[in-house]
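Novice: Could you build the full structure based on these sequences and the hints that come with them?
Next come the chains, spelled out residue by residue.
2 protein chains.
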Amino acid sequence: MSKTKVAGFSVSLDGYGAGPHQDLENPLGQRGLELHQWVFKTEFFKRIHGQGIESDALGAATPSAGPRDINNEFAERAAANVGAWILGRNMFGPIRGAWPDDEWKGWWGPNPPYHVPVFVLTHHARPPLEMEGGTTFYFVTDGIESGLKQAKAAAGGKDVRIGGGVATIRQYLKIGAIDEMHLAVAPVFLGKGENLFEGLNLTGLGFGVTSHVATAEVMHVILEKNSGRLK
Amino acid sequence: MSKTKVAGFSVSLDGYGAGPHQDLENPLGQRGLELHQWVFKTEFFKRIHGQGIESDALGAATPSAGPRDINNEFAERAAANVGAWILGRNMFGPIRGAWPDDEWKGWWGPNPPYHVPVFVLTHHARPPLEMEGGTTFYFVTDGIESGLKQAKAAAGGKDVRIGGGVATIRQYLKIGAIDEMHLAVAPVFLGKGENLFEGLNLTGLGFGVTSHVATAEVMHVILEKNSGRLK
Numbered sequence: 001m002s003k004t005k006v007a008g009f010s011v012s013l014d015g016y017g018a019g020p021h022q023d024l025e026n027p028l029g030q031r032g033l034e035l036h037q038w039v040f041k042t043e044f045f046k047r048i049h050g051q052g053i054e055s056d057a058l059g060a061a062t063p064s065a066g067p068r069d070i071n072n073e074f075a076e077r078a079a080a081n082v083g084a085w086i087l088g089r090n091m092f093g094p095i096r097g098a099w100p101d102d103e104w105k106g107w108w109g110p111n112p113p114y115h116v117p118v119f120v121l122t123h124h125a126r127p128p129l130e131m132e133g134g135t136t137f138y139f140v141t142d143g144i145e146s147g148l149k150q151a152k153a154a155a156g157g158k159d160v161r162i163g164g165g166v167a168t169i170r171q172y173l174k175i176g177a178i179d180e181m182h183l184a185v186a187p188v189f190l191g192k193g194e195n196l197f198e199g200l201n202l203t204g205l206g207f208g209v210t211s212h213v214a215t216a217e218v219m220h221v222i223l224e225k226n227s228g229r230l231k
Numbered sequence: 001m002s003k004t005k006v007a008g009f010s011v012s013l014d015g016y017g018a019g020p021h022q023d024l025e026n027p028l029g030q031r032g033l034e035l036h037q038w039v040f041k042t043e044f045f046k047r048i049h050g051q052g053i054e055s056d057a058l059g060a061a062t063p064s065a066g067p068r069d070i071n072n073e074f075a076e077r078a079a080a081n082v083g084a085w086i087l088g089r090n091m092f093g094p095i096r097g098a099w100p101d102d103e104w105k106g107w108w109g110p111n112p113p114y115h116v117p118v119f120v121l122t123h124h125a126r127p128p129l130e131m132e133g134g135t136t137f138y139f140v141t142d143g144i145e146s147g148l149k150q151a152k153a154a155a156g157g158k159d160v161r162i163g164g165g166v167a168t169i170r171q172y173l174k175i176g177a178i179d180e181m182h183l184a185v186a187p188v189f190l191g192k193g194e195n196l197f198e199g200l201n202l203t204g205l206g207f208g209v210t211s212h213v214a215t216a217e218v219m220h221v222i223l224e225k226n227s228g229r230l231k
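Here the protein sequences come in this chain order: A and B.
The numbering used here puts the first residue of the first sequence at 1, with every later residue one more than the last.
The numbering used here puts the first residue of the second sequence at 1, with every later residue one more than the last.
Misleading hints may appear alongside valid ones.
Since copy identity is lost for identical chains, a pair holds within one copy or between any two.
Claimed, not checked - Straight-line distance between alpha carbons at most 20 Å, and here's what the computed SDA-like set of lysine to any residue pairs gives:
1) K192 <-> V209
2) K46 <-> H123
3) K192 <-> G208
4) K149 <-> P128
5) K46 <-> K174
6) K3 <-> G191
7) K41 <-> V213
8) K174 <-> N111
9) K192 <-> G204
10) K3 <-> I95
11) K3 <-> H21
12) K192 <-> Y138
13) K174 <-> G191
14) K192 <-> R170
15) K105 <-> G133
16) K192 <-> G176
17) K105 <-> G199
18) K149 <-> R68
19) K192 <-> T210
20) K192 <-> M1
21) K192 <-> N226
22) K158 <-> P100
23) K152 <-> P94
24) K174 <-> G106
25) K105 <-> A216
26) K192 <-> L205
27) K3 <-> H123
28) K46 <-> H124
29) K3 <-> A154
30) K158 <-> H49
Worth flagging that the hints you see were computed from the coordinates, not collected in a lab.
The structure displayed is predicted, hence computed values, not measured ones.
Specialist: Below, the structure written as C-alpha cells:
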C-alpha cells in the first residue's frame with residue numbers, strides 16, 4: 001500500500017532538524033551538517049552524489065568507499081519505492097519571497113538526486129522546471145493538502161516522501177497525513193534551529209516507535225502510526 | 001576535581017525525563033518506566049536493589065542475572081565517586097504542599113540506594129531523616145544555591161550528583177552549576193511529561209557532546225561544559 005512517509009530525516013538529540021540561519025553557504029543551517037554525518041559515509045550517498053566511483057591506477061572505474069553497513073541499509077531503504085517527493089520551499093533554495101527570476105534551480109545542479117516528480121510548497125507561482133534524470137520540480141501554491149494530492153497522483157502507486165524541512169513535516173504531521181517516519185537521531189545538541197518535536201505530541205498523534213537500531217554514528221528510529229486517525 | 005554532575009539520567013527522544021501525572025503508582029509519571037529499561041537489566045541495578053542474589057537449589061547465594069555490559073558500565077560509572085545527592089522534592093515522594101506528618105520516608109524503603117547525604121529541595125521544612133545504610137535526607141528550604149553549597153560541603157571532595165527530576169536539573173543548568181551530564185536516550189517518544197530540553201539551549205550554556213555509545217537499549221551521551229561560565 002502506498003504510504004506518505006518521512007525517511008532518512010536527521011535530528012539532533014534536542015530535536016532540531018536544521019540549524020539556524022539557513023543561507024547559500026549553509027543549506028542546512030549553522031551546524032546542520034553535523035546531523036548528517038551518518039549518511040555522508042554510506043556507499044549509497046557516495047554513489048548517488050557521484051563520489052562512489054574513482055579511477056584506479058589502470059584507469060578502470062572502481063567502486064570505492066562507503067561501507068554497505070546498517071547506515072547504508074537505512075539510506076537505501078529511505079530511497080526505495082518513492083514515487084514523488086514533497087519539499088518545503090527552503091529545502092529547494094535560500095530565496096525568500098517572490099522569485100526574482102527562474103535562475104535558481106535547486107541546490108543540486110542539473111541532475112538532482114530525485115529522478116521523480118518533486119512538489120515544492122511555496123506562496124509564489126512558477127512554471128514547472130524539468131531537470132535531467134527524471135526530476136521535475138512543480139511549484140504548489142494552493143496549500144499542503146493540494147501538494148499531497150498532486151504528489152500521490154504523480155507517485156503512481158508508490159510512496160510519497162516528505163523531504164522536509166522541519167516546518168513542512170510538522171504541517172503534515174498536524175493534519176495526520178504522515179504514515180511512517182524514519183528518523184536518524186545524531187548524538188549532537190544544536191541548541192537552536194528548527195525543532196521537529198517542540199509542542200508536538202507524536203504519541204498523541206498516534207505514533208509509536210516500532211523499531212530502532214543504533215550504529216556508532218546515529219540511532220535509527222522507525223515511528224509508525226497505529227491509531228485510527230485520518231490518513 | 002570535584003564535579004557537579006547529572007548521571008544515568010534517562011530521557012525520551014522527544015526530551016522527556018518523566019511522563020505526566022506522577023503519583024504513588026507512577027513515581028516516574030505515566031510511561032516513565034519505559035525510559036529506564038536499559039538500567040533495569042544491568043547487574044549493577046539488580047545488585048543495588050537486592051535482586052542480584054538468588055538462592056540456587058542448594059541454598060547457596062549465587063550472583064545472578066544482569067549482564068556486565070556497556071549499560072552496566074555506565075550505571076556503575078554514574079554511581080562512582082558520588083559524595084552527596086541533590087533531589088527535587090518530587091523525586092523524594094508524591095506529596096505536594098506541606099508535609100502532613102513525618103511518615104513519608106522516600107520511595108526506597110528503610111535502606112535507600114544512596115548511602116551518602118541527600119539534599120531534598122522543598123519549600124517545607126522538615127527535620128533531617130536518617131535512614132539505614134548511610135543515607136540521610138536533609139530538607140533544604142532556602143534555595144537551590146544553598147542546596148548545592150550544602151551538598152558540596154557534605155560531599156567531602158567527591159562529586160555532587162543532581163538526581164533530578166527534570167525541573168531541578170533545569171534550574172541548576174540555568175545557573176551554570178552543572179559540569180557534566182550523562183544522559184541515556186531511550187528509543188521512545190512520550191509526547192508529554194517533563195521536558196528536559198524545551199526552551200533550553202545546552203549549546204548556548206556551553207555544553208557539547210564529548211562522547212557517545214549506543215547499545216541495543218539506549219544511546220549514552222556525555223555532555224561536558226567547556227566554556228568559561230561560572231561553575
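Novice: Work down the list of hints and note, for each, if the structure agrees.
Specialist: Status of the hints after comparison with the structure:
1. Within a single copy, K192 and V209 get their C-alpha atoms only as close as 25 Å, which misses the 20 Å cut-off; across copies the closest is 15 Å, which meets it.
2. Neither within a single protomer nor between protomers do K46 and H123 lie at most 20 Å apart by alpha-carbon distance, with minima of 34 Å and 58 Å respectively.
3. For the identical chains of this complex, K192 and G208 are inter-copy neighbours only, at 13 Å across copies versus 26 Å inside a copy, given an alpha-carbon limit of 20 Å.
4. In this assembly of identical chains, K149 and P128 lie within 20 Å of each other by CA distance solely inside one copy; the values are 17 Å within and 65 Å between copies.
5. Proximity of K46 to K174 under the C-alpha cut-off of 20 Å is found in neither arrangement, the shortest distances being 34 Å within a copy and 42 Å between copies.
6. When the C-alpha separation of K3 and G191 is checked against a cutoff of 20 Å, the pair qualifies neither within a copy, at 32 Å, nor between copies, at 23 Å.
7. In this homomeric assembly, K41 and V213 come within 20 Å of each other (Cα to Cα) both inside a single copy, at 17 Å, and across copies, at 18 Å.
8. In this assembly of identical chains, K174 and N111 lie within 20 Å of each other by CA distance neither inside one copy nor across copies; the values are 33 Å within and 48 Å between.
9. For a Cα distance limit of 20 Å, the shortest separation of K192 from G204 across copies, 9 Å, qualifies, whereas the shortest one inside one copy, 24 Å, does not.
10. In this assembly of identical chains, the alpha carbons of K3 and I95 never lie at most 20 Å apart, being 30 Å within a copy and 47 Å across copies at closest.
11. Within a single copy, K3 and H21 get their C-alpha atoms no closer than 32 Å, and across copies no closer than 35 Å, so neither meets the 20 Å cut-off.
12. Neither within a single protomer nor between protomers do K192 and Y138 lie at most 20 Å apart by alpha-carbon distance, with minima of 31 Å and 37 Å respectively.
13. Taking the shortest Cα distances, K174 and G191 sit within 20 Å of each other only across copies (14 Å), while inside one copy they are farther apart (24 Å).
14. Taking the shortest alpha-carbon separations for K192 and R170, both the intra-copy value of 17 Å and the inter-copy value of 17 Å come in at or below 20 Å.
15. Only within a single protomer do K105 and G133 lie at most 20 Å apart by alpha-carbon distance; the minimum there is 14 Å, versus 69 Å between protomers.
16. Taking the closest pair of Cα atoms, K192 and G176 come within 20 Å of each other only across two copies (18 Å); inside a single copy the shortest separation is 26 Å, beyond that limit.
17. Taking the closest pair of Cα atoms, K105 and G199 never come within 20 Å of each other, the shortest separation being 34 Å inside a single copy and 36 Å across copies.
18. For a Cα distance limit of 20 Å, the shortest separation of K149 from R68 qualifies neither inside one copy, at 35 Å, nor across copies, at 53 Å.
19. When the C-alpha separation of K192 and T210 is checked against a cutoff of 20 Å, the pair qualifies only between copies, where the shortest distance is 19 Å, while the shortest distance within a copy is 28 Å.
20. Taking identical chains as interchangeable, the C-alpha atoms of K192 and M1 are never at most 20 Å apart, the minima being 37 Å within one chain and 31 Å between chains.
21. Taking identical chains as interchangeable, the C-alpha atoms of K192 and N226 lie at most 20 Å apart only when they sit on different chains, with a minimum of 18 Å there against 31 Å within one chain.
22. Proximity of K158 and P100 under a CA criterion of 20 Å is satisfied in neither setting, with 34 Å inside one chain copy and 63 Å between copies.
23. For the homomeric pair K152 and P94, neither the shortest alpha-carbon distance inside one copy (26 Å) nor that between copies (51 Å) is at most 20 Å.
24. In the homo-oligomer, the alpha carbons of K174 and G106 never lie at most 20 Å apart, since the shortest distance is 27 Å inside one protomer and 41 Å across protomers.
25. Taking the closest pair of Cα atoms, K105 and A216 never come within 20 Å of each other, the shortest separation being 35 Å inside a single copy and 42 Å across copies.
26. In this assembly of identical chains, K192 and L205 lie within 20 Å of each other by CA distance solely across copies; the values are 12 Å between and 24 Å within a copy.
27. Taking the shortest Cα distances, K3 and H123 never come within 20 Å of each other, neither inside one copy (26 Å) nor across copies (52 Å).
28. Within a single copy, K46 and H124 get their C-alpha atoms no closer than 34 Å, and across copies no closer than 61 Å, so neither meets the 20 Å cut-off.
29. Taking the shortest Cα distances, K3 and A154 sit within 20 Å of each other inside one copy (13 Å), while across copies they are farther apart (58 Å).
30. Neither within a single protomer nor between protomers do K158 and H49 lie at most 20 Å apart by alpha-carbon distance, with minima of 23 Å and 52 Å respectively.
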